[in-house]
Amino acid sequence: MTEIIVVTSGKGGVGKTTTSASVACGLAKRGKRVVVIDFDIGLRNLDLIMGCERRVVYDFVNVIQGDCTLKQALIRDKRLENLHVLAASQTRDKDALTADGVRRVLDELIAEGFDYILCDSPAGIEKGAHLAMYYADRAVVVVNPEVSSVRDSDRILGLLASKTQRAEKGNGGVKEHLLLTRYNPRRVASGEMMSVDDVKEILGLDVIGVVPESPDVLAASNAGVPVILNDESDASLAYDDAVARLLGETLPLRFLEEPKRGFFARMFGG
Amino acid sequence: MMTKPADAAAPAPAIDIRFGQVGLIQVRLRSTDPGAILDELTGRVASAPLFFQRTGICLDLTLLGRDPQLEEMRGVMDAVRRAGMLPVGLVGSSAAVEALSAALELPVLAPFRPQTQTIPVVQPPERAEPGIPALMQHQPIRSGQRIYARSRDLVVTSTVGAGAEVIADGCVHIYGALRGRAVAGARGEAGSRVFCQEFHAELVSVAGVFRVFETLPPELAGKPVQAWLDGDDLRVAPLSS
Chain A
1 MTEIIVVTSG
11 KGGVGKTTTS
21 ASVACGLAKR
31 GKRVVVIDFD
41 IGLRNLDLIM
51 GCERRVVYDF
61 VNVIQGDCTL
71 KQALIRDKRL
81 ENLHVLAASQ
91 TRDKDALTAD
101 GVRRVLDELI
111 AEGFDYILCD
121 SPAGIEKGAH
131 LAMYYADRAV
141 VVVNPEVSSV
151 RDSDRILGLL
161 ASKTQRAEKG
171 NGGVKEHLLL
181 TRYNPRRVAS
191 GEMMSVDDVK
201 EILGLDVIGV
211 VPESPDVLAA
221 SNAGVPVILN
231 DESDASLAYD
241 DAVARLLGET
251 LPLRFLEEPK
261 RGFFARMFGG
Chain B
1 MMTKPADAAA
11 PAPAIDIRFG
21 QVGLIQVRLR
31 STDPGAILDE
41 LTGRVASAPL
51 FFQRTGICLD
61 LTLLGRDPQL
71 EEMRGVMDAV
81 RRAGMLPVGL
91 VGSSAAVEAL
101 SAALELPVLA
111 PFRPQTQTIP
121 VVQPPERAEP
131 GIPALMQHQP
141 IRSGQRIYAR
151 SRDLVVTSTV
161 GAGAEVIADG
171 CVHIYGALRG
181 RAVAGARGEA
191 GSRVFCQEFH
201 AELVSVAGVF
211 RVFETLPPEL
221 AGKPVQAWLD
231 GDDLRVAPLS
241 S
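Note that the protein sequences, when read in sequence, are chains A and B.
For the first sequence, our numbering puts the final residue at 270, and the numbers step up evenly by one.
For the second sequence, our numbering puts the final residue at 241, and the numbers step up evenly by one.
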């Protein structure tokens, strides 16, 4: 059984692509066959985060338009052999995506026997975002603990509940999960940032993961190594927990408290 | 705007043709006297204006026991319209009804109905109108969504998000948090009210009188609250326990 998971948010810059890359790697590390698709036509980013930007020959739009086969366009990850990337086109615009075309590519991937298809949605609620969510079985809604991101996520959750194939056919709807990123416990404690509980209450959904704000995320993006592969980082551990919860494990949330600072750090403002 | 994927490539078609069922009030004529019809219908409309005003009805001719003339029917339709209802079709099965249908430009609905002259008439004229159950919403109403309960109450068992709108011709009941907009009495019913379990509303309106909450008064924020019309004033107050 293939599961289609959309990673979406409404708002831009909250960490959709970072999350798509890390969740895809986390699933692949657990032995699942995974393909991650960049739906952001014209603003290709996922290949950079995955570190395969120089290996992109054919892309998603080429497959849809029949310029190449799916196999030619799938880029196998060099670190995890059961992980594949389908890059977005950088030169086309979003009208190159069609519902039929997306359906055909997804069907072909399902026939290939992938366990998970991750759809990395563009920001906004336009066509690209719509098509990324339309065929999804589950949705990971990435949200930052601030009011505009929460508002946009609420909008996206409304669309997931009405403008997806599962919602239209009435077969149970899309299963929704919240993932908080850029969480800064110190700023939450000082009241500058919304807490996990605030976000949960407003959106009325349970949280599948809380990723702490960390310089490791930016460093990982620039290096083209998804942050989940950096074993020393809190952000990596938090993503790994989220993947485990996505697969049905029950784990307590971590990194919700400010890390304890040592005596010298406190004395000298480290 | 999002488009449905089926028409994502081509421009959106101008129309969709669907087969659907709609509830329709039937007015069975036992006479074609326009004066009598106007009197009786006006009484009905006055008893439940929200329900009957500008409601589509079909005229059932089967109880007349004869085929009315065109001029008689024009009189009947005029009376119905003056009572505030809108005739949208005829019910009858004779060839004469077909001819009337063409002349009046009204469709014949249910032409298969058998002649009913022999069926005894059991139609207590003073029967109370059955209540319409409230429109129920169990999913959260998300930002950007709009729910309208026509001619009835709206019950939301979950939350109404910021930027969402819940509207009813009757009352609005929210058994969760109200963070968006709530509009009761959308067609002017001044007795309608808004109730919510946890008040954080952006806007509340009853029968066209509204109040915007730029800042939430501390005595209302997060509390169970109701809003109602007191004369021309919109009152918003905690529900006393």
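Watch out, some of these pointers could steer you wrong.
Calculated pairs, SDA-like style, for lysine to any residue (alpha carbon to alpha carbon, straight line, at most 25 Å) [as the list claims (entries may be wrong)]: (1) A/11 - A/32; (2) A/200 - B/176; (3) A/163 - B/148; (4) A/175 - B/218; (5) A/29 - A/224; (6) A/200 - B/223; (7) B/223 - A/32; (8) A/32 - A/95; (9) A/11 - A/185; (10) A/200 - B/218; (11) A/32 - A/104.
Source of the hints: derived by calculation from the structure; they are not laboratory data.
Taking the hints in turn, this is what the structure says about them:
About 29 Å separates the Cα atoms of residue 11 of chain A and residue 32 of chain A, which puts this hinted pair outside 25 Å; it is violated. With a CA separation close to 14 Å, the supplied pair residue 200 of chain A and residue 176 of chain B stays within the 25 Å bound. Taking the CA atoms of residue 163 of chain A and residue 148 of chain B, the gap is near 18 Å; set against the 25 Å cutoff, the hint holds. Between residue 175 of chain A and residue 218 of chain B, the direct Cα distance comes to roughly 36 Å. Violation of the 25 Å bound is thereby established for this hinted pair.
Of the pairs offered as hints, the one joining residue 29 of chain A and residue 224 of chain A holds, with about 17 Å between alpha carbons and a cut-off of 25 Å not exceeded. Restraint check for residue 200 of chain A and residue 223 of chain B: satisfied, since their Cα atoms lie roughly 19 Å apart, inside the 25 Å limit. About 48 Å separates the Cα atoms of residue 223 of chain B and residue 32 of chain A, which puts this hinted pair outside 25 Å; it is violated. With a C-alpha separation of about 32 Å, the suggested pair residue 32 of chain A and residue 95 of chain A falls outside the 25 Å cut-off, and the hint is violated.
Among the hinted pairs, residue 11 of chain A with residue 185 of chain A is consistent with the structure: their alpha-carbon atoms are about 22 Å apart, no more than 25 Å. Pair hint residue 200 of chain A plus residue 218 of chain B holds up; C-alpha atoms about 23 Å apart against a cutoff of 25 Å. For the proposed pair residue 32 of chain A and residue 104 of chain A, the alpha carbon gap of about 22 Å is at most 25 Å, so the pair holds.
The structure fails hints 1, 4, 7 and 8 (numbered hints given earlier, in ascending order).
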